[in-house]
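**Student:** Sequence:
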Amino acid sequence: MKAKVFVSLKPGVLDPQGKAIQHSVALLGFTGIADVRQGKYFEIALDPSANQEQARDSVDRMAREVLSNPIIENYRVEIEG
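Numbering (the numbering used here), first residue to last: 1 to 81.
Careful, some of the hints might be misleading.
With a Cα cut of at most 25 Å, we get these calculated BS3-like pairs of lysine-lysine [unchecked claim]: (1) K40 <-> K10; (2) K2 <-> K40; (3) K2 <-> K19.
Hints listed in this document are in silico derivations from the structure and should not be mistaken for laboratory results.
Being a predicted model, the structure only gives us computed values, none of them experimental.
I would like the entire structure built from these sequences, with the hints used as guidance.
**Tutor:** The structure is reproduced here in structure tokens:
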């Protein structure tokens, strides 16, 4: 089983790294880019003996308490397998 955690900045939170990426891709000739927001992605291998509900609860807690800053970031958890 595998967990995927996607972390992104909340709307309205300034994203200087996203703005730098947007500027860089414009300099490279990419057009039509209105905005770029950067984020984090984690893949977590889970013990195959764990049940899916316990795994989701555990990874959700990990995402909330360790992988994201809930004041400025949102997160989404997906469980595969």
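**Student:** All hints, please: hold or fail.
**Tutor:** Hints versus structure:
1. K40 <-> K10: Distance ~13 Å between K40 and K10 Cα, so the pair holds.
2. K2 <-> K40: Answer holds: K2 to K40 is near 17 Å, not above 25 Å.
3. K2 <-> K19: violated, 32 Å
Violated hint for the displayed structure: number 3, the only one.
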